[in-house]
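Taking the numbering used here, I'd label the letters of the sequence shown as residues 49 to 591.
Any given hint could be a false lead.
Straight-line Cα separation of at most 25 Å, DMTMM-like style, residue types lysine to aspartate or glutamate; simulated pairs [claimed, not checked]:
{"no.": "1", "residue 1": "LYS484", "residue 2": "ASP513"}
{"no.": "2", "residue 1": "LYS198", "residue 2": "GLU163"}
{"no.": "3", "residue 1": "LYS124", "residue 2": "GLU163"}
{"no.": "4", "residue 1": "LYS540", "residue 2": "ASP519"}
{"no.": "5", "residue 1": "LYS539", "residue 2": "GLU560"}
{"no.": "6", "residue 1": "LYS484", "residue 2": "ASP397"}
{"no.": "7", "residue 1": "LYS535", "residue 2": "ASP554"}
{"no.": "8", "residue 1": "LYS581", "residue 2": "GLU563"}
{"no.": "9", "residue 1": "LYS201", "residue 2": "GLU260"}
{"no.": "10", "residue 1": "LYS487", "residue 2": "GLU227"}
{"no.": "11", "residue 1": "LYS198", "residue 2": "GLU184"}
{"no.": "12", "residue 1": "LYS100", "residue 2": "GLU61"}
{"no.": "13", "residue 1": "LYS581", "residue 2": "GLU75"}
{"no.": "14", "residue 1": "LYS198", "residue 2": "GLU292"}
{"no.": "15", "residue 1": "LYS487", "residue 2": "ASP408"}
{"no.": "16", "residue 1": "LYS460", "residue 2": "GLU292"}
{"no.": "17", "residue 1": "LYS174", "residue 2": "GLU148"}
{"no.": "18", "residue 1": "LYS376", "residue 2": "GLU315"}
{"no.": "19", "residue 1": "LYS427", "residue 2": "ASP64"}
{"no.": "20", "residue 1": "LYS198", "residue 2": "ASP278"}
{"no.": "21", "residue 1": "LYS581", "residue 2": "GLU187"}
{"no.": "22", "residue 1": "LYS82", "residue 2": "GLU166"}
{"no.": "23", "residue 1": "LYS100", "residue 2": "ASP478"}
{"no.": "24", "residue 1": "LYS484", "residue 2": "GLU438"}
{"no.": "25", "residue 1": "LYS540", "residue 2": "ASP518"}
{"no.": "26", "residue 1": "LYS399", "residue 2": "GLU516"}
{"no.": "27", "residue 1": "LYS82", "residue 2": "ASP64"}
{"no.": "28", "residue 1": "LYS484", "residue 2": "GLU160"}
If you're looking for bench data, these hints aren't it; they were derived computationally from the structure.
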Amino acid sequence: MPFLRTKHYQTFEVIDEVTDTVVHRFEGASNAAKAFPGDEVELDASGTLLLKSRAPHPCLAGYLELNSKTTFGHTKSGLPLYLFVPLNTSYPSFIVGSKEKDRSQKRVALVEFLEWTEHLPRGSLKQLLGPAGSLEAEEQALLWNACPYKNLKEGLTVLEDDCPSRTRIEGVTFNIDPEGCRDIDDCITIAQDATGTQLTITIADVASCIEEMGAVDLMAAQQGQTLYRDGMAIRPMLPPLFSEDQCSLIAGQPRRGVSLTLEFNKELVLQNSVWSESLLTNQTSYSYENFTASAHADLLGKLVSALENSSIEEPHLWIQVLMLHYNKEAAKLLLEAGVGILRTHEAPDLKRLEKYIAMDESLTRLAHSAASYTLIGSKPTYVHWGIGTEAYCHASSPIRRYADLANQRILKQLIRGNREGLFVSVPVSDLNQRSKISKGYERDRVLLQVLLGSGAREFDARILDLTETDDQLKISMWIDEWQQRIKHRVKKFEKTERGYRIGSVDETVSQEIAEGHLLRIRCGIHLGARRWKDRLLVEWVPC
Numbered sequence: 049m050p051f052l053r054t055k056h057y058q059t060f061e062v063i064d065e066v067t068d069t070v071v072h073r074f075e076g077a078s079n080a081a082k083a084f085p086g087d088e089v090e091l092d093a094s095g096t097l098l099l100k101s102r103a104p105h106p107c108l109a110g111y112l113e114l115n116s117k118t119t120f121g122h123t124k125s126g127l128p129l130y131l132f133v134p135l136n137t138s139y140p141s142f143i144v145g146s147k148e149k150d151r152s153q154k155r156v157a158l159v160e161f162l163e164w165t166e167h168l169p170r171g172s173l174k175q176l177l178g179p180a181g182s183l184e185a186e187e188q189a190l191l192w193n194a195c196p197y198k199n200l201k202e203g204l205t206v207l208e209d210d211c212p213s214r215t216r217i218e219g220v221t222f223n224i225d226p227e228g229c230r231d232i233d234d235c236i237t238i239a240q241d242a243t244g245t246q247l248t249i250t251i252a253d254v255a256s257c258i259e260e261m262g263a264v265d266l267m268a269a270q271q272g273q274t275l276y277r278d279g280m281a282i283r284p285m286l287p288p289l290f291s292e293d294q295c296s297l298i299a300g301q302p303r304r305g306v307s308l309t310l311e312f313n314k315e316l317v318l319q320n321s322v323w324s325e326s327l328l329t330n331q332t333s334y335s336y337e338n339f340t341a342s343a344h345a346d347l348l349g350k351l352v353s354a355l356e357n358s359s360i361e362e363p364h365l366w367i368q369v370l371m372l373h374y375n376k377e378a379a380k381l382l383l384e385a386g387v388g389i390l391r392t393h394e395a396p397d398l399k400r401l402e403k404y405i406a407m408d409e410s411l412t413r414l415a416h417s418a419a420s421y422t423l424i425g426s427k428p429t430y431v432h433w434g435i436g437t438e439a440y441c442h443a444s445s446p447i448r449r450y451a452d453l454a455n456q457r458i459l460k461q462l463i464r465g466n467r468e469g470l471f472v473s474v475p476v477s478d479l480n481q482r483s484k485i486s487k488g489y490e491r492d493r494v495l496l497q498v499l500l501g502s503g504a505r506e507f508d509a510r511i512l513d514l515t516e517t518d519d520q521l522k523i524s525m526w527i528d529e530w531q532q533r534i535k536h537r538v539k540k541f542e543k544t545e546r547g548y549r550i551g552s553v554d555e556t557v558s559q560e561i562a563e564g565h566l567l568r569i570r571c572g573i574h575l576g577a578r579r580w581k582d583r584l585l586v587e588w589v590p591c
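All chains should be modelled from the sequences, with the hints used to inform the complete structure.
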């Protein structure tokens, strides 16, 4: 069943859902057969695109142009029709009716698709969030654009356990998470006997609680992952009944898990690793700050250091090492079985890496491409360059990431010795897209706070790259306070021995710059732009 995919509603791809591959590319909105991204389409004998069926489309956040002098007629009930521009650029503009009397300014709105019979699709206004440029309204729109789904609240049930035999995890069991964390994915158990020490990493067995391809699972797959704001889950992937209660490894509550037990001898040398479907009760919840004072901190630090063959002293690094180890071992099982979702990461641009290291070692990650999800069987190799392993996967956070839940379902069957009929039920391209959307949300929130908040408007930016394009100089910069890269173009420039001399538009001031230099910039906002990264206006400040 082919479906349509687009990023800007100008260039399009037709995707085969089974193989997740591109079967056709074309340009021009007029050639898209009035289809939206995700709609089922087909190509006729002449190569013309035809719309076969609509996918469900959520409410869209965007801007209702009430302040425009242009209207588009009236609804049957006499309401004037206005242009609505979604934040999501993969959708075209809509025509939407509104009874709002105040037309002095553009409004942030939520709109639902109705029909598409004329030049532009028709939408129904569901809610006005506030005026464009309002921090509160824009924040709501960003969140809705990143995750236009709300958790199910009715008909929620936890599945009966179908595991034929679970291992009871005995010993001192605890979790270490940020203060106030409610969606607890992982616990650590330490047990000692005459032979040595057993360190068990247990991940919440979400797969045993939620019906695969059921309503909750389908909604989770569509959302892809939990969205967080300032460390708090504001759009949990799973309803709170699961994410904060029945699946969460809350202290004092018996829970199901998927465990990896690491068996160390008395000299703290790893001897064996054992997977199991498990039962456990978390005894204590620690924060990263208070765990160091616990009676278990010293031994856990020694075990993690022995596992890594390196001295590691920080509690947050201990948990990071253990989760990475769990995921590496899970990836080995999946790869051996030939089914599952791996996390791949290509080697960086070495020239760029060397250049950034010379500027500041903290910039080295900017030379790397982003990691992505890859279906086992789709590539000859699955190297994760950043972690330095031949195979890596996400399996340690099934409460908050769907890739982990999909992999957990397969891992559970492999632990039982079942290898037949295993499959991944979600297109990997969807997971990668949801991951990009989540990162975009985090980026746009930073820009939102900078441009609409009450903080500073001037910042120091590190010049990463200088590139001449036609009659402009493109300046790629890193702003440490934002932890983001931005781009700026100047038209007045000339090449110098060390770099470039840039000039102001009125040619009254100039400044010499080079890669690695700091450049003082001032930020402004262009509210007419559709995306927040396009709304950022930058000018350099002479110094």
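Evaluated hints:
no.	hint	in the structure
1	LYS484 <-> ASP513	24 Å, holds
2	LYS198 <-> GLU163	23 Å, holds
3	LYS124 <-> GLU163	14 Å, holds
4	LYS540 <-> ASP519	9 Å, holds
5	LYS539 <-> GLU560	14 Å, holds
6	LYS484 <-> ASP397	21 Å, holds
7	LYS535 <-> ASP554	21 Å, holds
8	LYS581 <-> GLU563	23 Å, holds
9	LYS201 <-> GLU260	18 Å, holds
10	LYS487 <-> GLU227	23 Å, holds
11	LYS198 <-> GLU184	19 Å, holds
12	LYS100 <-> GLU61	16 Å, holds
13	LYS581 <-> GLU75	24 Å, holds
14	LYS198 <-> GLU292	16 Å, holds
15	LYS487 <-> ASP408	24 Å, holds
16	LYS460 <-> GLU292	22 Å, holds
17	LYS174 <-> GLU148	12 Å, holds
18	LYS376 <-> GLU315	24 Å, holds
19	LYS427 <-> ASP64	17 Å, holds
20	LYS198 <-> ASP278	19 Å, holds
21	LYS581 <-> GLU187	14 Å, holds
22	LYS82 <-> GLU166	9 Å, holds
23	LYS100 <-> ASP478	21 Å, holds
24	LYS484 <-> GLU438	24 Å, holds
25	LYS540 <-> ASP518	12 Å, holds
26	LYS399 <-> GLU516	18 Å, holds
27	LYS82 <-> ASP64	19 Å, holds
28	LYS484 <-> GLU160	23 Å, holds
In the structure shown, no violation is registered for any of the earlier numbered hints.
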